Structures are given as structure tokens and as C-alpha cells.
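Chain residues, written in single-letter form:
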Amino acid sequence: MGLAKGFGVTFRQMGAANRVTVPYPQQKRDKPERLHGRHVLNRYEDGMEKCIGCELCAGVCPAKCIYVRGKDNPEDHPVSPGERYGFVYEINYLRCIHCDLCVEACPTEAITETKLFEFSFANRQDAIYTKDELLVDDDGRAQRMPWEHWEGHEDTHTSAWMRATSSGGRADYENRVNWSGELGVGVRAPEQGQHAPAAPVATVATDATNAHGSDDHGQAHH
Amino acid sequence: MRFLFSAGDPLFDEAFDFMSMMTVVVLLKVVVAFVVLLVSVMLYIWGMRKWIADMQNRVGPANAGPAGVLQTLADGIKLFFKEQSIPDSADRPIFRLAPYLSILPAFLMFCVVPIGGEVEILGRKTYLQVAELPIGAMFILACSGIAVYGVMLAGWSSGSKYPLLGAVRASAQVLSYEAAFGLGMLAVLMRAGTLSTREIVNQQQWVGMESLVRDWFLLPAFLGFAIFILAAIAETNHPPFDFVEAEQELVGGFVTEYTGIRFAIFFLAEFMNIITMSAVATTLFLGGPSGPAIWPDRFGAGGWVNGTVVPVLWFVAKVLLLTFCTVWIRASLPRLRYDQLMALGWKWLIELAVLFVLYVIVDEVAQAEGWNRAIAIPLALVGGIAAYGVLYLCMPKRGETVEEFR
Amino acid sequence: MGLLAEITPDITANYYLGLAALMFVVGGVGMLVRRNTLIMFMCVELMLNAVNLTFVTFAKTMNDAHGQAIVFFTLVVAAAEVAIGLAIIVAIFRRRQGVTADDIDQLAG
Amino acid sequence: MSDTTDTNATDADDVALEVDAGEVASATDNSNATQRLRGQTDEGAQKLTLSEKELVLTGAPWPEDDLGDTMLINMGPQHPSTHGVLRIMMELDAEEVVRAKPVIGYLHTGMEKTAEELTYVQGCTNVTRMDYASPLSNELVFCMAVEQLLDIEGPERAQWMRMMLCELNRISSHLLFQATNGMDIGAVSMMIYGWREREESLRLLEKITGLRMNHNFIRVGGTAADLPDGWQRDTLETLAKIERGVHEYDELLSENPIWKSRLLGLGIISTQECLDLSITGPILRSTGFAWDLRKAQPYLKYDEVDFDVVYTTNGDVYDRWRIRLEEIFESIKIVRQCVEMMPTGDYRTQDAKITPPPRARIDESMEALIHHFKLFTEGFKVPAGETYAALESPRGEIGCYMVSDGSAKPLRMHIRGPSFYNLQSMGPMVRNALVADAVAIVSSVDPIMGEVDR
Amino acid sequence: MEAVVFFVAAAGVLAGALGVVLFRHPVYAALSLVGSMLAIAVLFLQQDADLVAIVQIVVYASAITVLFLFVIMLLGVDRSEARDTGHLFQRAAAVVLGVAVLVGIVGIVGNKWVAGTPASSAPLDDPRGGNVRAVAEVLFTDYIWAFEVVSVMLVIGVVGSVVLARRSRQIAAARQREEVSV
Amino acid sequence: MSDEVREHDHEGTADAISDPVAAVLVERFGGVFRDSCGQAVVYLDRAQLAPAVTALRDDERFTMLVDVTAVDHLTNSTRPLPDGVVGERFELVVNLLSHVRNHRVRIICQVPESDPTVASLTPIYGGANLPEREVYDLFGIHFDGHPDHTRILMPDEWDGHPLRKDFAAARVPVTFKGDPSPR
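Protein chains in written order, with our numbering: chain A, 119 to 340; chain B, 6 to 411; chain C, 410 to 518; chain D, -1 to 452; chain E, 138 to 319; chain F, 910 to 1092.
No wet-lab data here; the hints were simulated from the structure.
In silico contact screen, one side only, chain A against chain F (beta carbon under 7 Å); selected entries:
no., residue
1, Lys182
2, Cys183
3, Tyr185
4, Val206
5, Glu208
6, Asn210
7, Arg213
8, Ile246
9, Thr248
Per the computed footprint, the stretches of chain C lying under chain E, defined by three or more beta-carbons under 8 Å from a beta-carbon of chain E, are:
no., region
10, 425 to 435
11, 443 to 451
12, 460 to 468
13, 483 to 495
None of the values given here were measured: they were computed from a predicted structure. Quick reminder that beta carbons are idealized off the backbone N, C-alpha and C, glycines included.
Make the full structure from the sequences, and use the hints.
Shown next as C-alpha cells:
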């Protein structure tokens, strides 16, 4: 009897309705917004680079796969709006573990992660993405490397993880995203918050920042 | 003198002449059978993967050819061009020989299977069957026994331990199940009173629905069928009895050290065996090519369509049904343990088969002699079971100490 | 076909008997020469088969089924002999770690 | 449901004391069983104590002359069913295992050493890779240890989120076990089915954490991000799918005579042996000892949800399989309660030394910017001290022993991996089993080599 | 045609037989034995002994030789045996004796010593239909007692071999203890 | 555990020990008690380790040895220790659990660099087998009476003990295009 039940289970699966796999390269599943893929370096609406060469990302990277060198902006045609810009910016994807600490660390939202992960390097040099390759193109989209496989729309929502972590765990800041203008996207209104619908939507009063401002001083623990 | 094989074929009604169309017909049949078998293996592997994928909510092969039907061919081509490696500790001549030893019996066994009725090829009448032997059933038995050499020698000649374990398992498994296999067939042979496969098929001719119950040996030898199928699955090393390769236990068993086309040949042989065994089971129990004529008003009952084509279609349909069942079993059952397999073979299948053969004998003799079957058969079974009871009582029980031979 | 028939002799029973004799002798010599008990066993099988061949040959020449029936008995005896013989070899191997006939001389005192 | 399984809803202390009356008491009086057990393990160790060096020196791993009928065979490190890179040296008599010894270290990546090089901020990315089948337990135990040293407790919502994620992770880990266990026993479809449902749970985790595995989501003081929009619906849908799938496994295997004949009565271990060999988790529970840290020493909010500790009494492979199957249902129960009872509010401690400021504050407040920079360059300092945090991972008690010298990096971070200790059960369980049984037994231990070797 | 088949098969038989004797390696010897048996089966077929031929294959090729190979693999005696230098005399004597026997047999056969008259008590059937029935009738009438006795003997043989090859757990344990103490 | 006082590094003397098990250890084996993050820790002389663990098992119903590990305090020699404990380079840490009493206790032994030897706990709790091998492998602390005293994680021919502080962590250099020298 038990045997027959088992045969029934396998027989029941026959029929095309409940396939759980997809013929992969031709057909892809939708990727969740927060997926950690490869990075892009963003630019402001006016085309200026967001990276200021502060090396926070390189410092926090547990795999030590980011190499950044900052340099003073040339006076005549500055690369970034600040004083300095990322002169060299490289990520070695043979080392990157996609923990996204760099995204959380970046103070200017310069580095974010796309949902692209389908690399097929032919050599180790290709795995080292230089700044030219990481930087978004003139439309604000990630550049397509010859060894990457992705469809047209997979490079959108590059900032989901940055937005998800942007409130620093504070419910009041759930909806407040410091979303600086971005090439191809512009100054986006805060997108749908990352909080649960069950939670009351935090209305961010103008004085909310003041109310919590004192916290930022942070009492030393001991 | 007579030609060695194919004694019963109408092709040889005239005296055999080497320099005639007879030779061409024989060669043609051999080549066509081989090609058909190869193609059907290719399709079977594809179908198996599709079916099993469907049962597991997967897509299965999809890229090579329409719906992936050429996947097997693509795999074969890939394996053909792969490097052939031979381990240092291997016994080289035997290592090279083993794959071919395993594929030969699978094909030979197929030779005696009647696929259809009588046809005319090149002006010669002949059976749709490579060779019609007066002892076809024994020939099947012989081939299934010889099939173990490929596996066994492959495992031994690889010169490493997992393949050796696989080889030892293979030899014990085939030796054990050969008996059950033969006894399962015996019920049919008793009922049919002949060893010729053609004769067996002829006795299962379709004469209406009643022949499904009365003439096909499925029901008159039902236990034989069950035992035959189980033993055939064990002999072809098909899951859940695939101990010989048992990936989770023996890595790959006897094929662990094989690569490239030699590896492919082993699997070709294995799947060819499954098809051949399905064909043999069809022949023995399911009436081979027999089945109702299709649209006799239009095509006529014995015309070209219903005389030649439809029997082949019936045969193919029955083989397909059986192969589907093998796939279904593959998808549904976990693997037994090796000692459980041996216990199943020795403690259950052989005993049951002997009892069933006893029953068939008494039944047949009672029919022939006009005894009262209602008395004779129970008496015989009681006698048989009593004999087993005595044997069982003689066996040492668990916990009983037995003086050991030293 | 005609040419083939001309150059090849007509095969009489003597050919088979001669072959059987040769086979028997090869088996016998092997039995005496080899020291590996397993191979000695195989030589016994060779000799048995030589005898089988003569039985079948006589059955054919005399058109008598008895000759073939005897072969069955030979086969059964051979099977029983191999089963027992190999079991003995295994048992000996377990104790002595070798299957060379010369080593098995305990019965000789 | 088979009658071998029973659930127990009574208080954990009572359970422990109940069992105490029976088997545990014998622990104290040096009974014969204890002696026999030690004798066995020692004897097993004696013969197979050939170190790897000796093996290399002798050339072949098998000195054929001495050992007569037996054969030494290495199962692994490259073997389809040794779960990663476990190697088991087995002495076989025909196909019967005379003794077996696990040899490990093939996946040794020095994570405990690496932990000393990484700050507490980075630490989670390291520990999450140990038990890669249940990464969130690793992150949680690491964070709990650091939080004990910091003497902080995350906000309410964080606790509930952690609990929900850990239970989802337990589900995915047990589904992985169902898949691999099925595969090891030759039930090929079971493997695919297990994968099928595991994929659902991983997809949910991916939606929440951004990664399928090695999430780096549970952080010191809370979690990295809040739950995404629509998580309730997604979670409930996923749970329904998983529940349906697990019922299918039940139907496919529980009553299957082959499955039962393979697993029932195989690899039996007693409570006494388990306790003696420091074995925790489903193996311990399968012996009739209903010990679960979630009940016995509740952490997070496990004392506020309703669930049962699943235990069985036979201690065999079938029971261990069964326990993991039932635990999936229990976890589903917990996650459903989490969905219902999830509180609102902060999800990360608002200690500015530990949690980075809201991104919107960086442009507004100089202090926020400085905190942000300090946190991501040198991390936060943890007061000197040492602590041991423990919780119930899918495989048993996972513990983190953390020693801080007051700097931003741990002086010593040690993970007590349940798989590592559970491996010790292999020797007694595999003895006198067949090769195929050995595979099933190894599978029922469910070792994750990343955690064993660390 | 018959001659061609005969000479090819005879060559196979002799090659196999010589292989058994000459190959050092037991596995090769066993394989030669299979070859020899298959060739003999062909000769049986040649002489209208279909059933005997197939039974020959079933029993020898797929049972007896598999058993041989099984034992060879099980015992691991698949290395070549030591050269037996001490028995040169025995070898020479064996060969001489063999040749003498061969001459004797061939001489006797040549003299048609056994050329009796064909008995017609159980004539072989028409070759077209095979002779299964004739052989079976002889087996189950004239030789029925022999048949039964032989089958009992076979059962005894099987039981005996099981008893012989069986190794009790106690003995194994004792051996292990010896090992440990040594 | 949760209802106990959460206090850091609370040191106590034998008469002020809240933990009954620790009190026994302090009394019978001359240990020093310390409340570490609300957990009972007893510092013992290493010679007392095996007898103390035996006593815990036999008299105090401690059913399981949860963990054995070690710490190298080479770079942290000035750490605060309770009175009466002389800090050595290594600390051997043994975590024990009583399922019956639902109680944990931790024993810490100071092990000097000059003679890193401790009596093995494997004869008392079989579960100490693998972790002791691990401690031996990674710290070089020897366990007298261990049945299988071999390396476990590192290869047999490995020199040194990796978790010691003077054993430098290895790094696989990361290459970048903009910086030709491996970093």
C-alpha cells in the first residue's frame, strides 16, 4: 500500500502545469529587488561621479577586494562635485562575496549593487572590474561587459539594498531615503518603504530629525 | 546440413545457399535490428529523461533537437570525442574489452524476439525476427547470464576498490537472479510446451478480448510475470536494484574508472538491456505482436496493414508501456540494500517461483490427464509448502548455536 | 561454394573425436603442470568437456539421444563439483592465504 | 503520521527531569553501558589511529598482508554521498563495516583565525559561511555573543525577525536534509522534491536578505534591514507551498516498505551514548531525550510562541529522518505565529556606536557622519570579557565562545559546531552496518563540513 | 561450410584450452575457459545438439566461470602464481605422458574400435524442429533415477559449499582478538 | 539564565557565590569563581581539571561536555583576572551542561607556554575526543591520555599551531590592475 502511495505521488506530478524549473538562459525568473549582484558606480544627474574616493568601502570590505585611490578634482573640469574623486576604483570579483557592506558604507550612494551576477570570465584579468567598467553609462545604466549575460531590464533597481538599509534600523526613518539625484533616474521620490504594511506608516515630521538628533551623539557604551 | 541459427524460419524452407538472396536477407535483418535497437535506445534515454523530469517537476533535456530528442546523440558525440583514460593499475586488455562484452548479449537476446508476423523481403518469405530458434527461450537465458561478464570484468580490470566491489556485487546478483529469472520464464514454457519464442507468440494470438485473459500468459502465469519482471530489473541493474553502480555507495561501481566512449557503451548496453528485457517480457507474457486488428472493414483483417504493420505497432506499444513502468519505478522507489536484494532473491522469489512452477505443472498435467484440478492443485501446493516447512524447521534459528566447521 | 567444398575435407566423426582427444590431453597436462588450484580446476573442466564432445559426437553418428542426455549429467556434476571445490578453496585460502597446491600438504602428514 | 513520532508540549525542565529518571540517571553511576561505549570508541580508535602521514608512508592505504579478509576503503573526501569533503576510513569485511573513523580537515579554511582579523562589523560575513546550510543560526549566535559582551539587547521587532528568519532557515536546512537523505538512499525523486521546496524557502530568504545563502543579515544589535513590502503574503504563500510539499514527502516515503526496511532499526544510538559523545540536535532527540534549547533555555522570543519539541524513542535513522520532517511542520507553526505577532518599531539597536545612522542623517548631522565613518573604518569596540552563547541550530547546539580584549576585533572567536560533535556518533553507529547503511547513517547525521572544519 | 565452421570452432577450442594452461593470470585463464566453452557450444550446434549447446553456455559460461571469477576476485589471488622451479621433472613427465595418451587415443579412434551400430531406441528428431523433445524423453524416462539422484547431489553440493565457505562470527571475532593480542 | 543578574565581570568569593555548582567546585577543588556576562565561570588549576570534571559528572549530574576550546592570550597578557588566578599564555576552556538541572558551568584552566599539557577529558566524556584533537592541532596543547592524539584539521606535516597568536594569518594576495603589486 505504501508503495502505491509513492507511485501515486510521482504519477501526480506528470503534466506540464507544475514545472518548477525554467529553461534557464532563455527564460529567467524575476530577481528580488534586494539581490546582491555586481556593483555599479553611480553618477549624478549632471553626469558628475558620485564617488569621492573616501575609501570607506575598501576599508569595510571583509574580503579586501576593493581598491580605491582618491585624487583632488582637477579645477577645470571636476569629475565629482566634492573636493576629491575616485581616481582608481577597482573591484576584484574573484574575491567579492557580495556582502554589500560597501553599499552600506558608502556615504554618497556612489556604489550600489545591480542584480547582475551571470559572469563568465575567461581569464583572471577580466574579473577585475576597473572604474571605467563599473561606472554607469550616459543613460545611467550598467555597462554590459562581453562576458556578462543579462537582459535589458535587469539593471534597474540598483539601489534596493541601499534603500533597505538606509534607515539604520530606525522605524521613523523607514520612509526617508536620502536619495540624491541619479543619472537616468533623477531625484526619485522615496520609493515604497521597506517596512511591513502591518506597521503604521511612519509619517516623518519635519521635527523628527530633531527629536532623534540627540541620539546621533551616541553615548559611549562604557 | 542446416544453418546454425534460424532453423524454424520459412526463409530456410529451401536448402541454404550461401551465394543467394538468403544471405542478403539475413544480413539485412541483422543490420536493421541493430540500427533499430540503437535508435530505440536513443529514444528511450530521451523518453526516460523526459518522463522522469516530468515526474520531478523538471523540464528535462530541451535543447538538442526538437524537445531535446537528440540529447542522447549529442551526449554520445561528446563522449566519443572525450579523452579515454586508463588507470595505471588497470588490466589494459580486459579494461578495453569489457564494454563490448556488455553490449553483445543485449543485442543477441533481442535477436530471438518476434517483432511481427511473416513478411516478404526481396522476394523471400521470412519472419520479422532476426533468428527463430527452436530453443529461443533457453537462448534468452544464456544471454542474460553472459551479460554479467562485461560488468564483472570492467570492475575487476579497473584495478581499484569501488569498481571491484561493484564487480563482486554484479556477479553475485546476476548468479542469484538468474535462477529466479529462469523459473519465472519456466511457468510460461510449461504452459506453452515449447522453447521457441515464435511458438509462444503464436499461442497468444489475438482472437478477441477473451484471449487477453485466456491466451496471453499474463494471467495464466501471473506470478511468473511478477517474478520475471523483478528478476529482469535486477539483472539489468535497474533501480531500485542498481547496486552495481550505486552512485551513493560505490561512487559509480564498475564504471568508476571509465571515461569517454567506453563509458557510453556501458550505458548503451544497460539501456539496451532494459529495452530487450521489455521486449522479452512482451513476448512471453503480453502476446508479443498480437492485438486486435485496426479498422478491419477498411484494411481487411489479414491485409498488408493488419498483417504486417499493426502487429509491429502493438509490439511497440507494449514495449513502451513496460519501459514507462521502468521509468516510473526509477522515479518512485528508493534503493534496496544489497543484502535485502539477495534475501529477496533467495528467500522469496526462488521459493515462490518453485511453488508456482509446481502449481503450473500440476495444472497442466491435470488438464492433460483429466484429473480433478480442484483436488490436485491444493494437494500439490500443500505438499510443496510442507517441504518448505521441513526445510525451514531444519534451519538454525536466530540465537541457536551451531557447531562450526573449522 | 563448390570451390570451398573441394578444398575442405568432409568432416567426419573422427575430426571431432580427435579434437576431443587433444582437448583432453591439454587439460590433463595442465592439471599436472599448474600449481594454482583454481587453474587446476579449470583444467578438470576442460577434460570434462572433451568427454562431453565425444558424447555429442557419438549421439550424432549413432542418431541416438542418449549421448546428449548423458552430457546433462556431466554438466550437473561439473556444477556441483565446482561449487564444492571453490568452497574448499575459499576455506583453505582463509586459513593459509594462498591457493598453491604444493602448500596444501597437511593430509600428507 | 507514524506512531513512532510523538510530540511533547510540556515544559522543558519537566521533560529533562522525566527522562532523567530513566536513562540519564545511569550517567552518574558508571553503568556497564558507559563502560562498553568507551571501550568501543577506544578500540575503534586504536586500530584506525593511523595518521595520514602513516598512510602516505605505507603507500597504499591498505596493508593487505596483515588484515586478512578485511579491506580498508576510503569513502571520500571525493565521494558522492559524504556531504562535502568528509572522508570516512572504513574497514570492510566483505561489505560489512568493521570500524569506521571520520577524517576531517579538507574544508579547513581557518575561519576562527580569520575572525580574529575582522572587526565585529565584518564578523557576520565570516561566521555565516560556517554552517552554510543554516547561515542565519551562525550569524545569530555570533551576534548574541557580541551582544552579551556589549550588554545590549536588540529591539523587540529585531528579536521577532531573527526568530522568524532562523525558523525559515531551519526549514530550508531540513529540506536540504530531506533532499540529500533521499538521494543517499537512492530515492532520486525525493532529492528533486526536497530541492523544489527548499528553493521556495530560499527564494523567500533571498527576497528578505538579498542573498540565498550567507546572508550577512543578522547584525549586532538587530538586523541589517527591515522586512520588505508584502512579506506577510510572501511568507504565508511560501509556507503553504512547503507544507504541501512536505506532506508529499510523507506520502512518498513514510509508508514505503523499501524505505522502512532500509532505515528502521539502522544506526541505533542510545541517549547515554549521545550524552557521552556530546551529541545534540535531532540525533539526541531521536533517542527519546526531548532536549531543545529553544524550550529549555529560551532565547529570542521562543518562550512567547507555541511549538512542540519533536522527539522519538528509537534512535535510528528512520527516527532522525522523521524528526526532521516533523520539525519542518513545527517551524512552519512558529513562522506563522511570527507573521501574526510581529511587532512594529525599530529593528536595530539605536546605540550610535554600534548601528550606523540613518542615511538621511548623514547630510544633516556632523556627528552622524563621524559615527558613520568610524563604524565603517574601525568598527566598534567591545568591552573586555568572555562569554558563551548557545542556541539550537537545525543540527543541534551551536555555541559561540567569544573573548574580547577591549578592541574592535575579537581576541578569540570559537564556534562550537554541532556537526563537529555529531560526527563522533558515526563510529558507534556505523559499526557492523553495511556500506549502503553507512551512507544512510552518515546522511542521518547530516554533517555540514563547513561547520565541522571551520 | 561445415568444415569452415568446424576448423574455426576447433581452433577456438584449442586456443582456449591452451590459454587455460598457459596463462599465468587466473582471470585470463578463466576467460580462455569461457572462449573454449563457447567454441564447444558451436560444435554441439554443428552436431544437432541445440539444447545441449545452450545448456553448456548457461552452465559453463554464465554460472561456473562466473563462480571462478567471483572467487578469484573475492580472494584477491589475481596475481600471477610464483614460478614453480622445483618441478621441472614433473612438467616434462606430464608432457610426455600427455603425448602418450594422445597417441593412444588417436590410435584407438583410428582403429574404429568403437564404431558400433546405430541404436535406434531414441532417434534424434528432425533437425528442423530441434531435438529437445527426444532428449527430454530420454532424460525423463530411461534416466529418471539418475536424474533424481543427480539433482539431490546438486542440492547437497550447494548446501555443502555454503557450509564450507561460511565463516562464523565467533571465529572471525577470535581471529580479530588474536590479531590485537599480537 | 535570564533571571540571573546581568553584570559584567562580577567577581565573587566562595561565600558569595550564587551558583551552587560553582560553589562546589570552589570548595572542593580550590577554584576561583567569576560571573561573566551572567554565566558561571570557575578558574581551576589544570591539575584539578580532570577530577573536577569527573566530580561534576558523577556527583552533580552534569550530563554533557558541551565544548572544549582554548584561548591564546599572548597579546593580552595584562587581562583582568579574578584574585588568586595567575594568568598564563593559554587558557583551556571547558563548557559543561547538565540537562537534568538545566544548568551550565564553564571551567577555565591556565596553561603555561613552557609546559602546555593537560590531562585528557576523553576518558571521562567520550565527546571530548575530537575537540581535544582540535585544540592540540590549533594550539599545541597536549592532552595526556588521549586515545588518538593526532592532528585533525591541519595536515600531519604542518609546522606550528595556527591559532596561536604568533602564527601569522596567511593571506592570498588580491591583484588589481591599477596597482600592479599584489595586495
